[in-house]
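Protein chains in written order, with this note's numbering: chain A, 4 to 137; chain B, 4 to 137.
What the hints contain is simulated information worked out from the structure, not anything from laboratory work. Careful: at least some of the hints might be erroneous.
It does not matter which identical chain is meant; a pair holds if it fits inside one copy or across any two.
Straight-line C-alpha distance at most 30 Å; calculated DSBU-like pairs for lysine-lysine [claimed, not checked]: (1) Lys30 with Lys114; (2) Lys41 with Lys95; (3) Lys136 with Lys110; (4) Lys95 with Lys40; (5) Lys40 with Lys13; (6) Lys114 with Lys75; (7) Lys44 with Lys120; (8) Lys121 with Lys136; (9) Lys82 with Lys136; (10) Lys114 with Lys95; (11) Lys16 with Lys75; (12) Lys64 with Lys30; (13) Lys44 with Lys131; (14) Lys44 with Lys55; (15) Lys82 with Lys55; (16) Lys114 with Lys131; (17) Lys110 with Lys75; (18) Lys64 with Lys41; (19) Lys136 with Lys120; (20) Lys110 with Lys44; (21) Lys95 with Lys131; (22) Lys64 with Lys75; (23) Lys136 with Lys114.
There are 2 protein chains.
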Amino acid sequence: MAIASENLTKNQKTVLDILENSSEPLKAYTILFDIQKKGIKSPLQVYRALDKLIEIGKVHKIESRNAYIACKHEGCNAKTSTSFLICELCDKVTELKNNNLPTYFSKQADKNNFNYKKHNLEIFGLCKLCFTKN
Amino acid sequence: MAIASENLTKNQKTVLDILENSSEPLKAYTILFDIQKKGIKSPLQVYRALDKLIEIGKVHKIESRNAYIACKHEGCNAKTSTSFLICELCDKVTELKNNNLPTYFSKQADKNNFNYKKHNLEIFGLCKLCFTKN
DNA sequence: CTTAAAATGTTATATTATAACATTACATTA
DNA sequence: TAATGTAATGTTATAATATAACATTTTAAG
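Work out the full structure: start from the sequences and follow the hints.
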């Protein structure tokens, strides 16, 4: 049976829960600190939960920040590919969805004789709020 | 005066040299190990040289690998934006150049009310060699 | 029930990166 | 050329991020 969010384990649920209720990406040790009262004691427990959540596409890693974010999209393609807008002022992160980036990248890759599988894209700039403020 | 490769310092030259002569991205501690005979003794010396080289665009960081690569392009836009093709089999990394990605991303960002400044793109897949082998 | 795969708990350690601070090199210009 | 400010260096210590190893328990499928 396919892994769905219903049959996550306790640790996985705990980690996913804190990420889903966070307004910003969280670091692994921040997660650890925040959930120690729920019985998770070691970094490895957090990393293992994160690994599984990433594998099933419920969580993505922001590589340039070493931070983790819950995916808000139902069945997005992000088990493999991720695309984010990252505000350089307020650090707000927005996941790009419903985009045709994979198609576009596949073409770009073709030009370089490269067989596209997936991607990680991090776009930096200013979110609307920070842009209008400045 | 603009910083050019001619007036790099000793440590910066040493680090750039090893990166330019490497066929693959190198990790900071690999660099450290390889150049200890040249008088660089601490991680900080490597990281400081890398920081400067990244700042002037001679080196880029592959975020998903914590690895560093020398830029082969003259005056590319990569002080700000970087785009790589990364082979999942042989780990070969190719920098995408002369592309119109910034324009494209700027449009994508606009749709989300986001002011594009720069990006980091990592495309994973198979290089030509590994693709034909499999 | 049995069994195999997955997840857990735990301790230790590896890997990646920065803080803090004293010192030195170097270009500018008064 | 002496003064000065900025950048770079050297060094020690430590912070932050992530995995190894291994014994045990839980879970799901046959």
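Now the hints, each set against the structure:
1. Lys30 with Lys114: between (37 Å within a copy, 28 Å between copies)
2. Lys41 with Lys95: within (27 Å within a copy, 43 Å between copies)
3. Lys136 with Lys110: between (37 Å within a copy, 21 Å between copies)
4. Lys95 with Lys40: within (27 Å within a copy, 44 Å between copies)
5. Lys40 with Lys13: Cα proximity of Lys40 and Lys13: one copy only (14 Å, versus 51 Å across).
6. Lys114 with Lys75: between (33 Å within a copy, 18 Å between copies)
7. Lys44 with Lys120: neither (36 Å within a copy, 40 Å between copies)
8. Lys121 with Lys136: Close across copies (20 Å), not inside one copy (35 Å); limit 30 Å.
9. Lys82 with Lys136: Between copies only: 26 Å across, 35 Å inside.
10. Lys114 with Lys95: Between copies only: 16 Å across chains, 34 Å inside a chain, cut-off 30 Å.
11. Lys16 with Lys75: within (15 Å within a copy, 45 Å between copies)
12. Lys64 with Lys30: both (9 Å within a copy, 20 Å between copies)
13. Lys44 with Lys131: neither (39 Å within a copy, 45 Å between copies)
14. Lys44 with Lys55: within (18 Å within a copy, 39 Å between copies)
15. Lys82 with Lys55: within (11 Å within a copy, 35 Å between copies)
16. Lys114 with Lys131: between (34 Å within a copy, 11 Å between copies)
17. Lys110 with Lys75: Answer is both; intra-copy 28 Å and inter-copy 23 Å each pass.
18. Lys64 with Lys41: Answer is within; shortest intra-copy Cα gap is 23 Å, inter-copy 37 Å.
19. Lys136 with Lys120: between (39 Å within a copy, 16 Å between copies)
20. Lys110 with Lys44: neither (46 Å within a copy, 45 Å between copies)
21. Lys95 with Lys131: This pair counts as within: shortest intra-copy Cα distance 10 Å, inter-copy 37 Å.
22. Lys64 with Lys75: This pair counts as both: shortest intra-copy Cα distance 14 Å, inter-copy 29 Å.
23. Lys136 with Lys114: Cα proximity of Lys136 and Lys114: across copies only (19 Å, versus 40 Å in one copy).
In summary, the structure is inconsistent with hints 7, 13, 20 from the numbered list given earlier, while agreeing with the others.
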